[in-house]
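*Asks:* Residue strings, one per chain:
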Amino acid sequence: MFALKQLRHRYGGGAEISFPDWVLDAGGHALLVGPSGSGKTTLLSIVGGMLQPTSGQAIVAGQDLRQLSAGALDRFRGQTIGLVPQKLHLIASLTVAENLQLAQYLAHLPKNPQRIHEVLTRLGVAELAQRRPHQLSGGQSQRVAIARAVVNKPKLLLADEPTANLDDDAATAVIDLLEREAGEVGASLLIASHDGRVKSRIGHSFALQRQQAEETA
Amino acid sequence: MNIVKLAYKQLATRPLHTILNVLLLALGIATITLLMLFNAQLQDKLLNSSKGIDLVVGAKGSPLQLILSSVYHADIPNGNIPLKEADQIAKHRLVAKAIPMALGDNLMGFRIVGTTHDYVGLYGGEIAEGQLWKVSMEAVLGANVAKKSGLKVGQNFAGSHGLAGNGGHEHDDNQYHVVGILKPTGTVLDDVVLTEMQSVWDLHESETTTNPVFAQPSKPATAAKPANDDDDEEEGKPRDITALLISYKTPLAVLALPRHINANTNMLAASPAMEAARLLSIVGFGLDAFRAFAAILIISAGLSVFVALYTALKERRFDLAVMRMLGSSRFRLFTAVLLEGLLLAVASAALGLAIGHGVVELAGRTGMTPGLALTGRYWVPQEALLALLAVGVGAFAALIPAIQAYRTEIATVLSER
Numbered sequence: 000m001f002a003l004k005q006l007r008h009r010y011g012g013g014a015e016i017s018f019p020d021w022v023l024d025a026g027g028h029a030l031l032v033g034p035s036g037s038g039k040t041t042l043l044s045i046v047g048g049m050l051q052p053t054s055g056q057a058i059v060a061g062q063d064l065r066q067l068s069a070g071a072l073d074r075f076r077g078q079t080i081g082l083v084p085q086k087l088h089l090i091a092s093l094t095v096a097e098n099l100q101l102a103q104y105l106a107h108l109p110k111n112p113q114r115i116h117e118v119l120t121r122l123g124v125a126e127l128a129q130r131r132p133h134q135l136s137g138g139q140s141q142r143v144a145i146a147r148a149v150v151n152k153p154k155l156l157l158a159d160e161p162t163a164n165l166d167d168d169a170a171t172a173v174i175d176l177l178e179r180e181a182g183e184v185g186a187s188l189l190i191a192s193h194d195g196r197v198k199s200r201i202g203h204s205f206a207l208q209r210q211q212a213e214e215t216a
Numbered sequence: 000m001n002i003v004k005l006a007y008k009q010l011a012t013r014p015l016h017t018i019l020n021v022l023l024l025a026l027g028i029a030t031i032t033l034l035m036l037f038n039a040q041l042q043d044k045l046l047n048s049s050k051g052i053d054l055v056v057g058a059k060g061s062p063l064q065l066i067l068s069s070v071y072h073a074d075i076p077n078g079n080i081p082l083k084e085a086d087q088i089a090k091h092r093l094v095a096k097a098i099p100m101a102l103g104d105n106l107m108g109f110r111i112v113g114t115t116h117d118y119v120g121l122y123g124g125e126i127a128e129g130q131l132w133k134v135s136m137e138a139v140l141g142a143n144v145a146k147k148s149g150l151k152v153g154q155n156f157a158g159s160h161g162l163a164g165n166g167g168h169e170h171d172d173n174q175y176h177v178v179g180i181l182k183p184t185g186t187v188l189d190d191v192v193l194t195e196m197q198s199v200w201d202l203h204e205s206e207t208t209t210n211p212v213f214a215q216p217s218k219p220a221t222a223a224k225p226a227n228d229d230d231d232e233e234e235g236k237p238r239d240i241t242a243l244l245i246s247y248k249t250p251l252a253v254l255a256l257p258r259h260i261n262a263n264t265n266m267l268a269a270s271p272a273m274e275a276a277r278l279l280s281i282v283g284f285g286l287d288a289f290r291a292f293a294a295i296l297i298i299s300a301g302l303s304v305f306v307a308l309y310t311a312l313k314e315r316r317f318d319l320a321v322m323r324m325l326g327s328s329r330f331r332l333f334t335a336v337l338l339e340g341l342l343l344a345v346a347s348a349a350l351g352l353a354i355g356h357g358v359v360e361l362a363g364r365t366g367m368t369p370g371l372a373l374t375g376r377y378w379v380p381q382e383a384l385l386a387l388l389a390v391g392v393g394a395f396a397a398l399i400p401a402i403q404a405y406r407t408e409i410a411t412v413l414s415e416r
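Chain order of the listed sequences is D and G.
Numbered according to numbering that gives the first Met the number 0, the first sequence spans residues 0 to 216.
Numbered according to numbering that gives the first Met the number 0, the second sequence spans residues 0 to 416.
Hints in this document: simulated from the structure, not taken from any laboratory.
Cβ-Cβ distance ranges computed for the label pairs, FRET-style:
no.	chain 1	residue 1	chain 2	residue 2	range
1	G	Lys4	D	Gly70	19 to 25 angstroms
2	G	Phe289	D	Ala71	52 to 58 angstroms
3	D	Glu183	G	Glu415	28 to 34 angstroms
4	G	Asp43	D	Asn111	56 to 62 angstroms
5	G	Val3	D	His203	41 to 47 angstroms
We put the beta carbon where it would ideally sit given N, CA and C, even for glycine.
Bound-form chain G, shown alone (with noise of 0.2 angstroms):
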């Protein structure tokens, strides 16, 4: 017999309180673990997502459009732009790197973008199976897309149109060819399928679509002159392309190369940074909804562990006299209903804890967050502040039982009719 043990036979006597108060205070943590991980995992993802990647150029319209479609590929493009006027900003003197990208299809969902080399190695990906990809119409696969669709190396597939899925204009007709796989790494390079901008360009030459991010202005057939410095344009035929994605050669460009694209071209700049942070803060204004209703949850826990101990001291008091009787100074009492609380908030911390992070792996594994990979297998710093948090609840709403039981005095109790 030990005062820890005393406290747990304590709450064991009374399940039904215990386990209400357990569970209010857990939901409260729960809600606020689920908070906490989500944003940290959005936050990573978007910022990992954007990683190397200054500024992204594109068609004119929304700037967020442009960050969505083009780094992560969550929306459909503002429109093209046409490859010339890409390449001159490519080689302005303040740009280290361009990327450019063409988008166009997806594979049950995930996007297929043409693009060069350059944009494995700005995610870091490497080849885990087969090679990357060298002629048009090879495709090399994210490890998420390989995963979901069950594609192997050397199989074919074609792809449909946009970006929604089932249901669009499929390509049957020109099939790619998957030449390789990539290995996880975290970012929006596991949900893409990689492949030449020319298969890109190869499969929309013939065909008029009803797309609207492809029902763009028609080109002009005969309009450009051929470019000397573009092997792949065919003759008298502009080509487009939906992105550019740009790194710094120097930081002064922050300040002149988005000013210079957007007055001086018909393109439009966009910074993914502070796009994500504009998106962060729309979405945090709901999550601080959500913030507010956790924090509701665990006072009314606080404020019901304190009824619960309270009322249970009044029936209890004779116990606590006894004790006195025995031989208990009236420290160990206080100790003794002190350690109730902290008993209950611990209880509370590790369930409220296993629930968050069990709720976020779930929503991660059923795929409710689309683009988003959530793992309950992630951990953030101010968890243990969060647990904290609730054995100062526990701690707090226990205080003044504590006291009361310190203040028994043993004589008047017990001699109660």
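Next up, chain D with everything else stripped away, as it sits in the complex (with noise of 0.2 angstroms):
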């Protein structure tokens, strides 16, 4: 699904983040563990389109994310990714189910109402659907937006840090429904997290190491 060859990042100025050269097979779900500052959700977010490296390349989906214009990148991420963030940030002057339709008519999709109400449904969500996110509990919040991360039926669902201050039932839950909602679409599933119940939980990990003073060329 994705694949890295010799990625490096660096945030302006600051120390200069490399990645091994990894690959996940489409279809394969994987975690992402590291200790904070590692780099995991700067790693996300350039596999999600959403971060230009420094150098090096990264496929999506078989797509070097460099050869994309910005709005074929816009375009691509829309279409193609998933991303359930580690703040779930659900737009507040919006209901559940037109969080939903902003995320089928940013990435430029028909409308599908249908669609919409299945993945609601899928994830127990359905009657919250003209709720607004401030009425919704976190659990329920984390669901609203793991459904609007799959509403377009991504190729690579992203999560950063699901689990983070939830007790273990809900962490096995939110695993649980990620893993099966991309299954569900047929999605790769890359979860960050640097949380040991999950390790349990995903066979396939990458591990990140604690970024050192990198050495010069």
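Join the two chains into one complex using the hints; note that each chain is given alone, in its own frame.
*Replies:* As structure tokens, this is what we get:
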């Protein structure tokens, strides 16, 4: 699903992070582990087409992201990537259903209310469709965020620390949901986490090390 | 879901800010609308009412007062002029038409004008009911007078002295008889009662008056000799009229006639166009102050919209990043934020114009501007410019926030803790 080659990124003025040459097969589920600051979120951003790496190559769903124009990358992101951010960032002024409609609209996909209803039903939040995000519990919000990530049937589903601040049962449930929904739409799944509980659930994992001051060239 | 709906939803989540901003901008727009409507209608009225009148001849005094009193019926006359002298002017070779008028009393504040049928023709007046007057003490009512007084053809009324409305001396024993009512014309004709000049003379024949309008040098009963050319003139009594409305035969008269009258006679000649322009420039001074006030309102509204969008954007940077994450291009975010400003502006423009027209209509209905029948169902082309200005203010206020939105970096914003 994705292949990284000599990928490096440096935030303005900060230390350079270099990533191993990893490959994830289509439909594969993998975990991205490593201590905070090791670059998990950065890698998710690069693979998700949200951040241009300083150097190296990221091929996602057969597409070299560097080859895409800005507009094409936006479209690619909308249609190919589903992201569940750590902070869920549902849009507060829109209802649950409208949040999903927005995802379809911004990805230039046709309106599809059936799909929205279907996804919300699968995630057990269909009856909350007309609620606004501030009327949802944390668990409900997370389900809606997952629904938003999969509503466009992405090829790659990304989740950033989905189990942070969750108790054991809830953490298990969320990983179940992510695996189930990724399987349902045939997406590869990459979960960034430093949570030991997740490790036991997903066999394949990429481990990032804490980055040291980089050797020169 | 589309971008307009999204912009609307974003505004609707902040109802207090949104309403405040719309109101601020709308008030500015409304103030300017009000000014434009008032100004346009005042000019219309001034021009319509002096159409066809090139020169007014009356007693010496203030030219503005002469025009106000004899053309607009909004002031008391300077005094009277002898009919004989007026007749000489009327027969002057540069004069195409001269309409005499004798002013005296009022009906509920509407002036009673003694004149000839030419006066009706001057304003294109038509009879709606009944007929024009034929003899003394027959009266024809302007459209507004008929409406306000409720008088019908066939009924009688007594005039009160001067132009004061109630409280004046009433000529109870001499009653006017309504013989006709005119159709509305949108000119001063709607606000006057017309009668034969003889009526005015008859009424004031034997009276000694305390009203300054008529406190002119007492007419010596025996002084003047009968004039051959005036049938109305009773033996030994020189007739007075208040003013003579003149239209020129040739444009050349503009130069010659007023000079001739002002220099060689004991009368005053004044041009309605010049005096109306003078009046407008005096009023315009006040209007300028209002305009400056409106400009301040609009500028502060623009600032307020800017601050509201800018602070809202700070809270919404995650929304914008998420939208980018979901596939939105930078340009779409830019448009989305700009649209919010535009929506605000369009709502404000609509509300402002509505308020402006509403207030003008209300002012007209409650009679806040006597003599100037204001209506809110009156449009001036500049209103389109005003709406455009509002949209410009909205767009300008939203520009910087929209650029901020354009620059949203997804990864940096989303990874913020």
